[in-house]
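2 protein chains.
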Amino acid sequence: MRQIKHPAIEQVELTDIMYALSDPARMEIVGRLAQAGRQMTCGELDLNRPKSSMSHHFKILRAAGLVETVIDGKEHLNSLRLAEIEQKFPGVLYAVLKTIKLP
Amino acid sequence: MRQIKHPAIEQVELTDIMYALSDPARMEIVGRLAQAGRQMTCGELDLNRPKSSMSHHFKILRAAGLVETVIDGKEHLNSLRLAEIEQKFPGVLYAVLKTIKLP
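Going line by line, the protein sequences match chains G and R.
For the first sequence, UniProt numbering assigns the number 1 to the initial residue and increments by one for each residue that follows.
For the second sequence, UniProt numbering assigns the number 1 to the initial residue and increments by one for each residue that follows.
Among these hints, one or two may not hold up.
Unchecked claim - Quick list of simulated restraints, FRET-style, between CB atoms:
| # | chain 1 | residue 1 | chain 2 | residue 2 | range |
| --- | --- | --- | --- | --- | --- |
| 1 | R | PRO90 | G | LYS59 | 24 to 34 Å |
| 2 | G | ALA63 | R | GLU13 | 37 to 47 Å |
| 3 | R | THR99 | G | ALA36 | 20 to 30 Å |
| 4 | R | GLY73 | G | LYS101 | 38 to 48 Å |
| 5 | G | GLN3 | R | GLY43 | 47 to 57 Å |
| 6 | R | TYR94 | G | GLY43 | 36 to 46 Å |
| 7 | R | VAL70 | G | GLN11 | 32 to 42 Å |
| 8 | R | CYS42 | G | ASP72 | 46 to 56 Å |
| 9 | G | GLY37 | R | GLY43 | 41 to 51 Å |
| 10 | G | PRO24 | R | ILE100 | 24 to 34 Å |
| 11 | G | LEU102 | R | ALA8 | 16 to 26 Å |
By construction, these hints were calculated from the structure, which means they are not laboratory data.
Since this is a predicted model, take the numbers as computed values, not measurements.
All C-beta atoms, glycine included, are put in the ideal place defined by N, C-alpha and C.
Please work from the sequences and hints to get the whole structure.
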């Protein structure tokens, strides 16, 4: 199975998390992953945007340490790194998630 | 006295706040204003960066609704819109502020 690289939580900076959350599409992905509380495929998280645009958003979410993606056959399974982020930056992501109104 | 325009709190979007906090210099300005708990001049908040760079950062902080600037003679007095932001997005800014380590 091909692996996708993710930053260790020690390398994650709050400014990168803030940047990742500065886009409505990425905010929605994070909100939907939090609401589901499980791994979701890219298809499930499709926001009716071009595939290249969604790939870009997932790349930024992974680089910021917010999302972990594992490859399972033809599927990309995405999950929120909520527990790790919460431990490093207590309360930040939970407070943000409370404000998200999903469409 | 010349006035500087600020968005009403109703117009403030969380994604704009996240973007404003995605830069270490702007994060530091916000942290210092919160720590001081009073109006501060641009001189007091100088981060040893070019004046044009600082102006740019203050412009983004104002546009995001985080900072209010009033002009008093030759001084620009800046303050954090903490109470308004807290009311609209409870807990977000406080959680972020707790993580800021000022130099």
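Outcome of the hint check:
In this structure the hint that PRO90 (chain R) and LYS59 (chain G) lie 24 to 34 Å apart at CB holds, the actual value being about 31 Å. Checked against the given bound of 37 to 47 Å, the beta carbons of ALA63 (chain G) and GLU13 (chain R), roughly 23 Å apart, lie outside it. For the pair THR99 (chain R) and ALA36 (chain G), the supplied restraint of 20 to 30 Å holds, since their beta-carbon distance comes to about 26 Å. Roughly 43 Å separates the CB atoms of GLY73 (chain R) and LYS101 (chain G), a value that falls within the hinted 38 to 48 Å.
Distance hint check for GLN3 (chain G) and GLY43 (chain R): the Cβ-Cβ separation is about 50 Å, which falls inside the suggested range of 47 to 57 Å. At about 37 Å, the CB distance of TYR94 (chain R) to GLY43 (chain G) agrees with the hint of 36 to 46 Å. For the hinted restraint 32 to 42 Å between VAL70 (chain R) and GLN11 (chain G), the CB-CB distance of approximately 40 Å keeps it satisfied. Separated by about 53 Å at the C-beta atoms, CYS42 (chain R) and ASP72 (chain G) satisfy the suggested range of 46 to 56 Å.
Between GLY37 (chain G) and GLY43 (chain R) the beta carbon distance is about 49 Å. The supplied range of 41 to 51 Å therefore holds. A C-beta distance of roughly 25 Å is found between PRO24 (chain G) and ILE100 (chain R), which places it inside the suggested range of 24 to 34 Å. Our hint of 16 to 26 Å for LEU102 (chain G) and ALA8 (chain R) holds, since their Cβ atoms are close to 25 Å apart.
When each numbered hint is compared with the structure, a violation occurs for hint 2 only.
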